[in-house]
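For the record, the sequence lines run as chains A and B. The first sequence begins at 1 in this note's numbering and counts up by one. The second sequence begins at 341 in this note's numbering and counts up by one.
Everything labelled a hint here was simulated from the structure, so no lab data went into it. Among the hints, a few may not be true.
[To be verified] With the Cβ distance kept under 10 Å, some of the chain B side facing chain A (calculated, not the full set): (1) 440; (2) 480; (3) 490.
A virtual CB, placed ideally from N, CA and C, is assigned to each residue, including glycine.
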Amino acid sequence: MAVRTDSIRPIINEFESNRIGMHSALTKLQGAIVRNQGGSAGSETSLEDAYLTPERIRALRAEVLRPLDDLVGLSGVKSVIESIFAHVMVQRMREDVNLIYDRTVDHMAFTGNPGTGKTTVARMLGQIFANLHILTSGHVVEVERADLVGEYVGHTAQKTRAALQKALGGILFVDEAYALARGGERDFGREAIDTLVKGMEDHRGELIVVIAGYEREMQHFLSLNPGMHSRFPIHVHFADFTDIELTEIAYRIAKDRDYKLTPSAVQALRRMLAKERTMSTFGNARTVRNIMEAAMRDQAARVINLEYPTRDDLMKVEAVDVFGGGESAPWSGSGSTQRW
Amino acid sequence: MCLEVARVHHGLVVGQPNVGKTLLCLRLAQASSNLVPLIIHESPSGGIVERRLHLKDAISTLVSAKPHTTVGIQTLALGFGVKVSERFLLDDTTGLTPDIEDQMVRSGMARTLERIVCATVILHVVDASAGLARNQLNRTDELIRSVSMATKVPYFLIFNKLDLAGAPEKAVSYRKRHRETKIFSISALKDIGIEDLLDNLRRASVVK
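Next up, chain A with everything else stripped away, as it sits in the complex:
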């Protein structure tokens, strides 16, 4: 045996003084032995990489949740995801010390107004859960009523099952799920719900179903059937973005495409958002995106008339672009704008 005993002494001491557990000790021991042999063994790689040390949990958190951290606002959503991450980590630790554990993550209901990030977050979750080995592939299948409900008897179950099948290993995202319950007693939507619920039971742990929609309609939908609430135990509410958050989103959109907003353009944006917010068509981040896209088009219409525009001219979005050719009514005039 070429293993030097002094290299394993610290590990034994750490274990004996109860600073590390048995699995951690065995893992470190294996690593020390492999290293001691000069790593000549290609076949025996160190197990330590797989072991959950506090440093590793921090690194994993930073790596896996970064895309979510980068989103503007959504503090409520982030804290729910944070708690799911904690659940997953703790279950792994429990597994390591022979306690009963549950590696699955529950199905979820996302509520919130349009443009608050429900779909965006669902897409990210697929990847996050795949990275945490909760889901095998992490793809997101987005469906709505028309994708699940069929036209004749038997067609609905078939379509819904196909959607479930496609989503295995990933997330099935059902937008405006309450539309399934909209018809009367004899509507095929009911059948879609039943098939969906059965599929969730049959494929437990193989996919996560996320139902999404407006807060009030969702609450009503979940209360229709007493079992519904408990089938979607994770409720994530997406609050409307504040003006400051929407402005930050506008900055990001501009930056991502090499544009920049002048201070007066930001003022203009704020004024427009205040007005938009009072309308029933207000779409949060989506409205900002549409305003920005319209503004960038209008900027082009303005810049084309400049002689020898500078690099700066090509980047700058002015208040006049945001307002759409200087018209007081934001959506009239240019004809190139659309709401959402």
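Given the coordinates of chain A, assemble chain B onto it according to the supplied hints.
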């Protein structure tokens, strides 16, 4: 931490608590005709007690159905090997498990861990009647196996309690999936498969 006795073979018997390590050691002594073995017990704190026991008495005093009956290291010699270079010592150890409540037991496990790098053969005992999900050992056993393999000494995986229901099937199906591992199916209680294991140990000690 390793006994510095040159040219003596050290078989380390490891496994989780209550898988039958101690009874296996005594059965191997018996099969090698060492019927009144000298048993050297090293307590977790390092105290050493030597006892010469008749096998029958050894079985009744050292073996029980309670986990952690063995705390510390119990060494006995196998009865073969006339030459010193063929002497074969078996180190019986404290069972390894993540659920540890007693500091004494924890220290006992620490003694087991430090012996892993001293062994010239590792005998890893598992309970064949216990769950074996998807032909995988449980996590603790998997880790014990990885550590053992890392040392590069001969490694014997021993499925004990073959007499219990379901155990033979589990051992067979595991063997099919892990052909690269040297696997023995035995029952220390009913004295089944001990001879074959002993033969393999003897060969491992002669070849050296």
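Could you tell me which of the numbered hints above are not met by this structure, giving the numbers in increasing order?
Hint check: nothing fails, all pass.
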